[in-house]
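Listed in order, the protein sequences are those of chains A and B. When you number the first sequence by the numbering used here, it's gap-free, plus one each residue, and the end is 522. When you number the second sequence by the numbering used here, it's gap-free, plus one each residue, and the end is 830.
The set of hints was computed from the structure by calculation and includes no laboratory data. If you're wondering where the values come from, they're calculated on a predicted model, not measured in any experiment. Here a beta-carbon is modelled for each residue, glycine too, at the ideal position from N, C-alpha and C. Possibly wrong hints are sitting among the right ones.
[Said to hold, decoys possible] Listed below are several chain B residues computed to face chain A (Cβ distance under 8 Å; list not exhaustive): (1) I688; (2) A691; (3) I702.
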Amino acid sequence: MAKQGQPPRLALEGITKRFPGVLANDDVSFSVAPGEIHALLGENGAGKSTLVKIIYGVQHADEGRIFWDGEEVEVANPKVARRLGIGMVFQHFSLFEAMTVLENIALGIDEKYSWRELQQRVTEILKTYHLPLDPRREVHTLSVGERQRIEIVRALLQKPKLLIMDEPTSVLTPQEVERLFETLRQLASEGCSILYISHKLHEIKALCETATILRGGRVVATCDPREESARSMAEMMIGGSLRDVSRKRTADFGPDRLKVIRLSAPREGPFGVPLKEISLNVRAGEIVGIAGVAGNGQNELLAALAGEMDGAEHGAIFLNGKACIAANVGERRRDGMCSVPEERNGHGSVPGISLSDNTVLTARYRMGLTGQGFIRYSAAEDYARNVIDTFGVKATGPKATAGSLSGGNLQKFIMGREILQKPDILVVSQPTWGVDAGAAAAIHQALVDLAAAGSAILVISQDLDELLALCDRLAVINGGRLSEMMEVEGISIERVGLLMGGMHGEDDASAALDQEEHSHAA
Amino acid sequence: MTTAILISILMTVVGAATPILLAALGELVVEKSGVLNLGLEGMMLIGAVTAFAVTYSTGSAPLGLVAAMVASAAASMIFAFLTLTLTANQVATGLALTIFGIGLSSLIGQGFVGLTVPALAHVFPAALAEDPIWRVLFGYSPLVYISLVMTALVAWFLTRSRAGLILRAIGESDEAAHSIGYPVIGVRYLAVAFGGAMAGLGGSYYSLVLTPMWADRLTAGRGWIALALVVFASWRPLRLLGGAYLFGAVMTLELHAKAAGVSVVAPEFLAMLPYLATIVVLTAISIAPAGGRLAAPACLGKPFRATG
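Make the full structure from the sequences, and use the hints.
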């Protein structure tokens, strides 16, 4: 891959890494040229993260060699990696919420600058790469995109020659993604190589020159993403043909199953967002989506709808026309509304108890798992087994503890537990977060089928692609307020993105919207 | 005449405030690093008895102070080993440390009950220290001045120094600090040791300055007030200073009421006041929606196990 006789910036040869019971990387070789934007593609568990950790010195390969600018190197720890010129932006930021941007940057670098020097350098970098960020703000007041910029500045302060980005766009608005891509292209044009890890194929098509595709720890293909289709790359990733979610869009929905009028609620936790007068309705057979960047009131909305606020919420909620604002979680479930929260370990399930006991927690009324004050264990076990079989959950059986399941499998179990209750209304938050493509498709299909059977479904998700594929209508939540409902058919992605990033100033957003509407009219 | 009364009142308030200020300063640093050490009362008692015993046997009060700091820091290391290395529950271990401290101080103090030592000498010349007016500034024990200097030092350390930044970061998110590469457990050990030494210093104020005589359970639960003070001050050193003097005033209320012959309420009730105030303050802060709790280090009391 070396251009004009130049050695590659980074070359891997036969990297192999074993964990107990798993071969995470199996004889992986590839190289990245200077100034190249190189994608590393693969499903969850394909070995991308392990490989990147080996490059960054967090983990060590059992076999294989790493070459840096043509010379063999040993990356013993992240400090060595940084000294070589490898910068990394992690998927989960290592940030300190209650501290300022500048303090966070100071904590994340090896060099010791004086405050003034650091401030100067940071301002310089922010200006050079057009990164909008105020160094004096405290992190908990920032959007996810702004938080990511802190990590990028941290990495850029070390003048990297290779920047590794691990799933950088999973929580960004479309505009923030575009901003990020411009920064990355500018970096690449200055000769910095970029290793870009993602499973979002259209982004890789837009950004990368080369893609290495991993499956089951092995390199299965190398391609030029600009010449591939998203579908062909997806099929290389999963090693089979992709199942489409089949959805017949109809316009005739039944009556309102869920109606919410001016629902307000206090924030949950010190970094939460209070809900402000949210109104929405979901009709029978309809799937409605709530888009938005994390931390804009999604957790509060789910808690208020599910009845977890203990009366702290006010406004009106109607389930099948029956007012339920005073009802608690159990009563709302009995009346036909089931819910799946975002946090699956500890909120959606109790990790330490069995799957069958976990079904009793939410399905006891609708599935008759209790009677005369006692748990009907055999009924619970049958129901858990039914969920496991129907949704293809990989578990040793109903007696397995919830905590022993992988994230994706547990999510399938929790979704299945609610869906098989055939609720009139299902409220789900992040239904496919951290779930691989195959399982995500299965969950999507189950939601579509449930809606087709006449249930009303409200999906709260940060994944805009997911909402666009599933929903009939969607609205955007920002700062605890809900935008107007929009029909998904013919929706403007740009408009949704602007609504999602509401912190850029309402005036800007509405001005841009006006402009867009004019151009549409013309 | 009234000035003289006022001055004597002021001086007793400072006297009552200083030991809890010293102990609370140490605890503040400990909590900023994310560790909750409820053993303050026990460590203060260990410091008090050590200071007394060493001063009594060697005749040197400075030596007694140093010994008190070393002994309390050593006691805090037991806590640190159990909670940081063995990841035992911090609340339970802290309570155990208090009970241990009460017992140990009684045991060591058995032979000293009723004995006295000479009080710590003044720092300033007698002309100033014993002047009826100027003593309000210069007439205190060296520990009072040490407590003020320490307040300034801790404030500077936490807000201005890089080491303080790292310590706060570890209390804010141990996981993030670890992934960046900071020694979470090591820093917490140091913080706990500092907290122990400061508690020892605070305890020795009771046995060397306030009542230079040994009695069982000399600190009388003031360690708990110091703990509450940290929360009251929302983990800020300068507020801690103000809070300590406020609590000092409440604590001496009984004394002054008695002196002034006021008997509207029973003196026993006035003696309860500081503890009552502690409960009220703690409740008020935990009810307050954001202000109070936001200031708490996010990882306070959570055990940390290094992974990966």
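Restraint check, 8 Å cut-off on beta carbons, for B/I702 near chain A:
With a minimum Cβ separation of about 5 Å from chain A (threshold 8 Å), the hint on B/I702 holds.
So, as I understand it, the hint says B/A691 touches chain A; can you test that by seeing if any CB pair is closer than 8 Å?
holds, 5 Å
Restraint: B/I688 near chain A, CB-CB cut 8 Å. Satisfied or not?
holds, 7 Å
The structure meets every hint from the earlier list without exception.
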